[in-house]
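*Asks:* Hey, can you piece these two chains together into the complex? The hints should help.
Protein chains in written order, with the numbering used here: chain A, 1 to 399; chain B, 1001 to 1158.
No lab work stands behind these hints, which were simulated from the structure alone.
Remember, it's a predicted structure, so these values are computed and weren't measured experimentally.
Each statement offered as a hint is correct.
Below, a sample of chain A positions facing chain B; criterion: calculated Cβ distance under 7 Å:
hint	residue
1	H52
2	F346
3	A348
Derived DEER-like restraints, expressed as beta-carbon distance ranges:
hint	chain 1	residue 1	chain 2	residue 2	range
4	B	P1073	A	K308	48 to 56 Å
5	B	P1010	A	R280	36 to 44 Å
6	B	V1102	A	G290	47 to 55 Å
7	A	E192	B	P1073	58 to 66 Å
Even for Gly, the Cβ is constructed at its ideal location relative to N, Cα and C.
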Amino acid sequence: MPATVETPTGAAHTMVLNMGPQHPSTHGVLRVILELNGEIVVSAEPVIGYLHTGIEKSCEAKTYTQVITLTDRLDYLAPLSNNLCYCLAVEKLIGLEVPKRAQYIRVLLTELTRIASHLVWVGTHAIDLGAMSVFLYTFREREEIMKIFEYVSGQRMMTSYFRVGGLALEPPPGWLDKVRRVIDSLPGHVDEYEDLLTNNRIWLGRTQGVGIISAADAIAMGCSGPMLRGSGVDYDVRKAFPYSSYEEFDFKVQTQTAGDCFARYQVRVAEIRESIKIVRQAMEKVPAQGPIRTEAPGIVPPSREEMKTSIEGLIYHFKIYTEGFAPPPGEVYQAIESPRGELGFFVASDGSAKPYRVKVRAPSFVNLQSLSKLAAGRLIADVVACIGTTDIVLGEVDR
Amino acid sequence: MESQEADKNPVVHKLREWDAQAVAEVLEFRGETTVVVPREHLRRATEFLSSEPSLHFSFLSDITTLDRFPLEPRFEVNYHLVSIDRRERLRLKVRVAGADCVVPSVTSVWPTANWHERENYDLFGIRFDGHPDLRRILMPDDWEGYPLRKDYPVEGYR
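Same shape as in the complex, but just chain B (with noise of 0.2 Å):
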């Protein structure tokens, strides 16, 4: 799905000249780039995209995630960020098994990560690794489950 339109976009081509690992796959729809991140960049990456003052995503707008069950990767997690100063969005998209399901925390990248991974983390049973407090955040400290996965029934277990 790498197309060369993709790659002629500036983000992805100074992600792509600083470290060609860090690139995985570049997803264009509806004119939003999303950038899929392998999990053991992901810090570095946005370490880079935050600090480097040519993109400067000093802004990061929401984590979210995916599942996929009942394939694998099961777990897609996005991050939405934003250059306030070049008016740009972009999206990082990391791929986690279900076994597997924990990605590095980017709470020392951007602060309001902590909310937003203990909410991933709450609802998904995704853990970050590295995260100062993960604790649930909206569902009850003893709820059994996470309730937002696909195998998880809408009407709860009973």
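The shape of chain A in the complex, shown without the other chains (with noise of 0.2 Å):
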């Protein structure tokens, strides 16, 4: 290529580069637009949409109910987080008490989740990075926390397990010693993964110094989760605004300060290790009995033992699934902390069954958003190591 070129969107001197949508590294369908000056980037700038299926749309024409299926196809590496972020907001609209035993369930696999999702993003950042076995290492463990959400929801991934008011299901005998056997695992799995990247030179070069945002412009850009964390920030909606009984855990917000991709890297290994600590104490406190759901006739479907022998447990089944369920007429806006950040559900009700609006906060969506500070300057490999450290997925951006 010559040195300079006339575009449409670039400076003489500078050519535009198109990056994607079919790109390895872009972790899906995401089109970056690259403005370089040679080797360096001038600016980047991710165009979304691709993926973008109205889910948003779809949510207005379903019961309450059936849009829990859909929150799972948003960020398909945390389906859980997505169920348990719009139970509570409708429970919110409703103003439904969960009983204390589905939280810490609900918490358990939420955590379980995060784990999961952490050890997709290392290895697949490893990949993207060039370290090609760590990939192979967090699969096979990510394997083994997928074979538990199977064995509790009956799904891999398109889990849908929590509900308005609680569980579907009662968990199968034994869960709790799956569980145990993996996080025992885990640990010594966390140590090997670091001890491939933390100390590697390469891994070093390639994420010390690159990609940093500042403090004070992660805030203004809108970044959470490990995106403001590892620029120093201490803010994790579980801390800040604790749902799901998270306040009776003990952990701590893991934050870094030089705000590259190493840190944000260390942050999410960081993160991992926290979640066990969290799962463990979850363990200890879940009852071995007690109820799943909450009692709400009319809204909380009762359990199969009722809808068999009594008349209003079957036409309360009846009508729960032909109808839904009515909230009251209102509007609320409910966060958690998913792997990405904070994930927000606003959902508006008109008083009918089905909801009004349901609007995504996705935290994948608004970190992208700072692709173009983070890649400014650097070089193009560098974009690589920024949209990684990003942990975008796609399926959550565009909804």
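*Replies:* Right under this line is the structure:
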């Protein structure tokens, strides 16, 4: 390419390079328009929408219960986090209190989700930067967590296990033993990944000082999750606005101050370890017996037993699955800490059985916006590292 | 709907003290406070809320629209603010008519509003006055109509 090119978007001495939407390191169908000065990135503009499926519009045509299956498909690496956030929003709208046992199981499973999601991130990000073997190890452990999800909910990924008012099913017997087996093996495995990466000179060279965003910029750009904590801002929705009894758990919010790709890597690895601690505490707290759903006739389906033996139970069962239930008119916003940051559901009701509006505040969507800030002034190869540590899931970005 | 209780909220109180005109209405629902701000006061109010040290709503979490079609004013634009230091949330609401759905942009207050406003423009057709780059973001550039409006059919136009 000649040194001076006339382009519609760039000055004469820069050239425009299109990256994606089909590109292995863009984690789905992300397109980035790079403006380059030689090898140096002048600006990197993400172009999104290739995976837009109109989930928010579809929600308006479904009952509150049916929407849960759509939420799985937003952030497909953390479906339980989406389930949880949506259910909490609808429960807030109705004013439902969920039994403690269900709350602890929810915490346990969403923390496993966080571990699984961060494992995928460590593995794929390492592949992006040329370290092949980490991927094989992290996916091995992730698969064990997926097996727990399958055992508990019947599905590896599209779980839809959390329902308004509690859980879909009583967890099968022996499930906590399976969780314990995985959780006991994990700390050693995390040490293995750290052996492979944390002191690896190539890894440090590719991540340290790359993609720096200051704390002030990260807040102004609305970054959340490890993106924000990697820049030294102590903001975690689990601590700041506790939900689902998180205030009863003992854990630390992990922060780093450098604000570069390596800091975000450190935050995520440390979060895996914190999540292991939370899962252990939750395993202690979950009572062996107890209700998994709150009593709310007409909103929460009766148990199978009750449905088959009482006429009221049968009527409620029939009505809930045909017409659904109608929360009072109003609007609520509920946020949780998903593996990627602040995931929020804004649910508005007009008093009918279908949501009037469901808006997803997707952390990936907001985090991706700062890509140009991260990549400007760096080499093309660093763009891959920057996209990687933003940890986007396009299903959630495009919705 | 303005209750005494809502006025006890220190944020609402401070906002009123600063400029009573900026607070048209205060709504309380399920422990969430919503302040309805007249459109012409929105930018000043957001500047005040983000910069006033005792409030410091430095984090804009989300912007989203509700379409009340066929009622008028048809659109409600909601801003979800977070104060990270004070661990507090606040929702601002601006009501605009369908025939004149223009809202001042808050990108100068919170740069993150850029994509949020583009999304609301793309899906609802709300125009943000002063936005640096108001283009469609999720839908194709040549798309006709605004899909999340209530008069737009779920299956789309054929």
